[in-house]
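Student: Each chain, written out:
There are 2 protein chains.
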Amino acid sequence: MALIVQKFGGTSVGSAERIKNVAQRVARFHAQGHQLVVVVSAMSGETNRLIALAKEIQQTPDPRELDVVVSTGEQVTIGLLAMALKDIGIDARSYTGGQVRISTDSAFTKARILHIDDHAMRADLNKGRVVIVAGFQGVDDAGNITTLGRGGSDTTGVALAAALKADECQIYTDVDGVYSTDPRVVPEARKLDRITFEEMLELASSGSKVLQIRSVEFAGKYKVKLRVLSSFMDDPGEGTLITFEEDPNMEQAVISGIAFNRDEAKITVLGVPDKPGIAYQILGPVADANIDVDLIIQNVGRDGSTDFSFTVHRNEYQKAMKVLNDTVKPHIGAREVVGDDKIAKVAVVGVGMRSHVGVASTVFRTLAEEGINIQMISTSEIKISLVVDDKYMELAVRVLHRAFGLDGEPKAA
Amino acid sequence: MALIVQKFGGTSVGSAERIKNVAQRVARFHAQGHQLVVVVSAMSGETNRLIALAKEIQQTPDPRELDVVVSTGEQVTIGLLAMALKDIGIDARSYTGGQVRISTDSAFTKARILHIDDHAMRADLNKGRVVIVAGFQGVDDAGNITTLGRGGSDTTGVALAAALKADECQIYTDVDGVYSTDPRVVPEARKLDRITFEEMLELASSGSKVLQIRSVEFAGKYKVKLRVLSSFMDDPGEGTLITFEEDPNMEQAVISGIAFNRDEAKITVLGVPDKPGIAYQILGPVADANIDVDLIIQNVGRDGSTDFSFTVHRNEYQKAMKVLNDTVKPHIGAREVVGDDKIAKVAVVGVGMRSHVGVASTVFRTLAEEGINIQMISTSEIKISLVVDDKYMELAVRVLHRAFGLDGEPKAA
Chain X
1 MALIVQKFGG
11 TSVGSAERIK
21 NVAQRVARFH
31 AQGHQLVVVV
41 SAMSGETNRL
51 IALAKEIQQT
61 PDPRELDVVV
71 STGEQVTIGL
81 LAMALKDIGI
91 DARSYTGGQV
101 RISTDSAFTK
111 ARILHIDDHA
121 MRADLNKGRV
131 VIVAGFQGVD
141 DAGNITTLGR
151 GGSDTTGVAL
161 AAALKADECQ
171 IYTDVDGVYS
181 TDPRVVPEAR
191 KLDRITFEEM
201 LELASSGSKV
211 LQIRSVEFAG
221 KYKVKLRVLS
231 SFMDDPGEGT
241 LITFEEDPNM
251 EQAVISGIAF
261 NRDEAKITVL
271 GVPDKPGIAY
281 QILGPVADAN
291 IDVDLIIQNV
301 GRDGSTDFSF
311 TVHRNEYQKA
321 MKVLNDTVKP
331 HIGAREVVGD
341 DKIAKVAVVG
351 VGMRSHVGVA
361 STVFRTLAEE
371 GINIQMISTS
381 EIKISLVVDD
391 KYMELAVRVL
401 HRAFGLDGEP
411 KAA
Chain V
1 MALIVQKFGG
11 TSVGSAERIK
21 NVAQRVARFH
31 AQGHQLVVVV
41 SAMSGETNRL
51 IALAKEIQQT
61 PDPRELDVVV
71 STGEQVTIGL
81 LAMALKDIGI
91 DARSYTGGQV
101 RISTDSAFTK
111 ARILHIDDHA
121 MRADLNKGRV
131 VIVAGFQGVD
141 DAGNITTLGR
151 GGSDTTGVAL
161 AAALKADECQ
171 IYTDVDGVYS
181 TDPRVVPEAR
191 KLDRITFEEM
201 LELASSGSKV
211 LQIRSVEFAG
221 KYKVKLRVLS
231 SFMDDPGEGT
241 LITFEEDPNM
251 EQAVISGIAF
261 NRDEAKITVL
271 GVPDKPGIAY
281 QILGPVADAN
291 IDVDLIIQNV
301 GRDGSTDFSF
311 TVHRNEYQKA
321 MKVLNDTVKP
331 HIGAREVVGD
341 DKIAKVAVVG
351 VGMRSHVGVA
361 STVFRTLAEE
371 GINIQMISTS
381 EIKISLVVDD
391 KYMELAVRVL
401 HRAFGLDGEP
411 KAA
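Protein sequence lines, in the order shown, are assigned to chains X and V. Counting along the first sequence from 1, when you hit position 398 you're at 398 in the numbering used here, and nothing is skipped either side. Counting along the second sequence from 1, when you hit position 154 you're at 154 in the numbering used here, and nothing is skipped either side.
Think of the hints as simulated: they come from the structure by calculation, not from any bench. Remember, it's a predicted structure, so these values are computed and weren't measured experimentally. Note that beta-carbon positions come from the ideal geometry of N, C-alpha and C, so glycine has one too. Heads up, a few of these hints could be off.
[Unchecked claim] With beta-carbon atoms standing in for the labels, derived distance ranges:
{"no.": "1", "chain 1": "X", "residue 1": "Ala52", "chain 2": "V", "residue 2": "Ala107", "range": "41 to 51 Å"}
{"no.": "2", "chain 1": "X", "residue 1": "Asp105", "chain 2": "V", "residue 2": "Asp91", "range": "19 to 29 Å"}
{"no.": "3", "chain 1": "V", "residue 1": "Glu238", "chain 2": "X", "residue 2": "Ala52", "range": "37 to 47 Å"}
{"no.": "4", "chain 1": "X", "residue 1": "Ala289", "chain 2": "V", "residue 2": "Ala120", "range": "50 to 60 Å"}
[Claimed, not checked] Quick list of in silico lysine-lysine cross-link-like pairs, DSS-like style, CA-CA up to 30 Å:
{"no.": "5", "chain 1": "X", "residue 1": "Lys86", "chain 2": "V", "residue 2": "Lys225"}
{"no.": "6", "chain 1": "X", "residue 1": "Lys86", "chain 2": "X", "residue 2": "Lys110"}
{"no.": "7", "chain 1": "V", "residue 1": "Lys110", "chain 2": "X", "residue 2": "Lys55"}
{"no.": "8", "chain 1": "V", "residue 1": "Lys127", "chain 2": "X", "residue 2": "Lys127"}
{"no.": "9", "chain 1": "X", "residue 1": "Lys86", "chain 2": "V", "residue 2": "Lys110"}
{"no.": "10", "chain 1": "X", "residue 1": "Lys55", "chain 2": "V", "residue 2": "Lys225"}
{"no.": "11", "chain 1": "X", "residue 1": "Lys110", "chain 2": "V", "residue 2": "Lys110"}
{"no.": "12", "chain 1": "X", "residue 1": "Lys191", "chain 2": "X", "residue 2": "Lys391"}
{"no.": "13", "chain 1": "V", "residue 1": "Lys209", "chain 2": "X", "residue 2": "Lys319"}
{"no.": "14", "chain 1": "V", "residue 1": "Lys55", "chain 2": "X", "residue 2": "Lys127"}
{"no.": "15", "chain 1": "V", "residue 1": "Lys319", "chain 2": "X", "residue 2": "Lys110"}
{"no.": "16", "chain 1": "X", "residue 1": "Lys110", "chain 2": "X", "residue 2": "Lys225"}
{"no.": "17", "chain 1": "V", "residue 1": "Lys225", "chain 2": "V", "residue 2": "Lys127"}
{"no.": "18", "chain 1": "V", "residue 1": "Lys86", "chain 2": "X", "residue 2": "Lys86"}
{"no.": "19", "chain 1": "X", "residue 1": "Lys391", "chain 2": "X", "residue 2": "Lys55"}
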């Protein structure tokens with residue numbers, strides 16, 4: 001008998017029929033004698049509907065009141081799932097974030113969990129009840145409703161698993177696990193049986209959408225065993241286990257996966273005076289404009305000046321260019337600001353990189369053989385990130401996937 | 001400067017546009033220096049949508065979980081109205097029933113309010129904030145979400161007015177006041193400037209849909225000054241004031257209004273042994289089947305037996321007939337059970353009845369002159385209720401309205 005936290009996303013609970021399917025799945029685990037805490041998102045489309053309604057009222061909705069409105073999405077789902085379980089004879093009880101008492105700070109629309117009271121949930125579990133908790137939401141010290149931001153239901157699942165010291169946190173999603181890369185781009189992509197947290201973090205931050213990055217960080221911090229499974233397969237198998245330790249007995253592949261995204265744009269400030277504090281003078285105004293920066297590269301200078309490059313989200317490209325041209329360039333006396341929003345980021349991720357030499361050179365050789373120019377390079381201990389021309393992205397992913405021996409049996413579409 | 005509770009129903013907040021209109025109306029009162037607590041219902045259609053969703057999952061939805069689901073309707077509206085007020089520069093804050101702390105018993109889907117904590121609301125009002133409260137909902141001692149049942153937002157409004165000792169509770173609705181009868185049936189129906197609580201109670205219980213009966217009882221009990229106004233007129237005027245005392249200076253009409261409904265069916269148990277306890281033996285099983293009984297009439301017996309008649313909601317007619325034929329009739333040895341669901345109830349209401357003789361005979365003469373047969377008669381101190389054939393209902397209402405001098409200027413459609 002184990003204590004399992006199961007999280008089902010919006011697509012998995014997108015209709016009455018699907019909610020009944022989730023109930024059946026929960027029932028099977030319950031019948032095996034497991035204690036179950038089930039976290040659910042809003043039915044797919046519902047959060048967007050509520051946000052659109054709010055924006056009809058106020059262009060930039062008041063954050064406190066937006067959380068009041070948006071949190072109703074998950075509240076509907078918990079009630080419906082509890083009904084579906086009761087309808088098949090399983091005792092269940094729903095909890096909003098405030099009812100559990102998932103305490104958060106007061107950063108409306110992007111709150112962070114501070115503490116979870118496990119008292120009521122434990123009492124229910126000990127009575128054999130299935131506990132159903134609204135994902136994505138909490139309550140601050142003053143009793144205001146808060147939300148954790150988009151994708152926050154994963155974080156709720158992991159946080160509950162940590163608070164309850166659950167044996168496992170299962171994230172049910174529309175894919176059956178974590179893949180070596182996106183099967184839509186590389187049909188030979190392989191499902192990974194296991195992956196380390198560090199790799200998962202790097203994959204997530206590089207565009208793999210399977211798990212929300214905050215939930216992975218949380219799981220790593222609290223050593224929660226995390227498993228990604230399909231909510232649509234009758235027998236989802238073992239999915240992908242995300243472990244917090246490298247398995248010493250396992251023949252570890254050097255590279256676990258290739259992530260990519262084309263959500264970014266690159267900006268280069270040319271002819272920057274090469275002196276201390278210059279990075280802050282460039283990126284300070286960008287941060288003040290609430291623009292997140294991803295890759296940052298500054299090469300060694302020559303002749304007292306250097307070039308400074310970084311990437312931002314493509315949606316914020318115009319805004320960032322304006323800040324740089326209007327504020328930064330005249331202030332620091334740079335020569336020119338150039339940018340390109342037709343780029344893509346490709347990342348090669350694997351803990352094996354630590355102990356294997358030659359990974360970087362394999363990457364560079366592989367791309368060179370295909371005539372793909374690398375515009376930017378940034379590396380961490382277990383990741384090599386590259387910026388290439390947008391139009392070469394799929395090709396780069398495919399050839400790298402093959403070069404590192406990741407190709408498996410083609411996956412049926 | 002007064003403390004005013006304003007309640008807006010589902011039609012008044014049925015769209016983003018209408019919510020903005022409500023905000024404008026609230027703003028006008030706020031500009032006059034009043035302290036305002038605003039109670040809102042779910043957007044029209046929303047509660048029905050949520051109930052339908054629940055019924056897709058479970059034929060008879062679990063009451064606790066149904067309240068979790070249905071209470072989201074009002075929660076969305078409070079957030080949206082707070083945004084609409086902030087958008088026009090007025091500080092506002094929304095509260096769910098649980099956040100105010102509107103304490104109720106645990107009778108899910110039909111809870112009763114036990115206590116209201118006015119602490120947080122007062123603090124906000126003293127800061128000049130408009131307080132917005134979700135109608136229809138509360139929370140029990142264990143922290144479970146409860147709802148007050150259909151139309152319960154009126155009750156929330158009145159209960160808040162009582163708890164805050166508000167100067168007035170204004171109920172905004174889609175009519176501009178209480179009428180002497182339904183203007184759709186009698187174009188000459190007059191809007192009443194004032195009406196007593198007792199009259200309002202009798203009108204409400206006889207089918208006038210302007211106010212929910214429990215809210216009127218509540219207002220009477222706590223002496224809350226209640227006013228019905230139109231939420232669609234730019235200048236709603238004074239609406240109808242519902243007073244808890246008869247105005248001694250006012251030339252009181254004998255009759256205030258004529259109410260009616262065709263939601264009922266009548267049932268008669270013939271040849272009932274005329275002995276003590278027989279009413280309980282008939283109505284006990286009916287109550288056990290959760291069927292509400294309205295009018296009850298038992299005439300004096302002859303030859304040791306009597307006939308026992310009552311009315312039930314038309315939707316429960318078949319169910320009641322079955323209980324009576326299967327259980328009651330054999331048990332008490334009645335001769336026959338007959339019923340009719342093609343009936344209508346008409347009620348003549350007025351506190352003036354107390355001091356004026358001849359009201360009943362005017363009623364009977366008026367209907368006799370039109371050839372309308374009266375099937376059942378029941379009277380209280382300020383009301384005469386009649387059951388007539390369904391097809392004569394409109395005619396009965398019109399001739400009684402005229403007979404008691406209620407006809408005013410025809411109301412524009």
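Student: Need the status of pair Lys86(X), Lys110(X): alpha-carbon distance at most 30 Å?
Tutor: Violated - the C-alpha atoms of Lys110(X) and Lys86(X) are around 33 Å apart, more than 30 Å.
Student: Would you check the hint for Lys209(V) and Lys319(X), treating anything up to 30 Å between C-alpha atoms as holding?
Tutor: violated, 56 Å
Student: Keeping to a limit of 30 Å between CA atoms, is the pair of Lys110(X) and Lys225(X) held or broken?
Tutor: Holds - the C-alpha atoms of Lys225(X) and Lys110(X) are around 25 Å apart, at most 30 Å.
Student: Would the hint linking Lys110(V) and Lys55(X) be met if the CA-CA limit is 30 Å?
Tutor: violated, 34 Å
Student: Has the given pair, Lys391(X) with Lys55(X), been kept, meaning a C-alpha gap of at most 30 Å?
Tutor: violated, 35 Å
Student: Below or equal to 30 Å on CA atoms is what counts here, so check Lys55(V) against Lys127(X).
Tutor: holds, 27 Å
Student: Within a Cα-Cα threshold of 30 Å, do Lys127(V) and Lys127(X) meet the stated pairing?
Tutor: violated, 46 Å
Student: Under the criterion that the straight-line Cα-Cα distance not exceed 30 Å, is the pair Lys319(V), Lys110(X) satisfied?
Tutor: Outside the cut-off at roughly 52 Å; violated.
Student: Mind checking the hinted window 19 to 29 Å against the Cβ distance between Asp105(X) and Asp91(V)?
Tutor: holds, 22 Å
Student: Lying within 41 to 51 Å: is that true of the beta-carbon distance Ala52(X) to Ala107(V)?
Tutor: Check failed, 36 Å falls outside 41 to 51 Å.
Student: For the pair supplied as a hint, Lys110(X) and Lys110(V), confirm whether the alpha-carbon distance does not exceed 30 Å.
Tutor: Violated, because 35 Å separates the two Cα atoms, which is more than 30 Å.
Student: Starting from Lys191(X), check that the Cα of Lys391(X) is at most 30 Å away, please.
Tutor: holds, 26 Å
Checked against the numbered hints given earlier, this structure breaks hints 1, 4, 5, 6, 7, 8, 10, 11, 13, 15, 18, 19; the rest are met.
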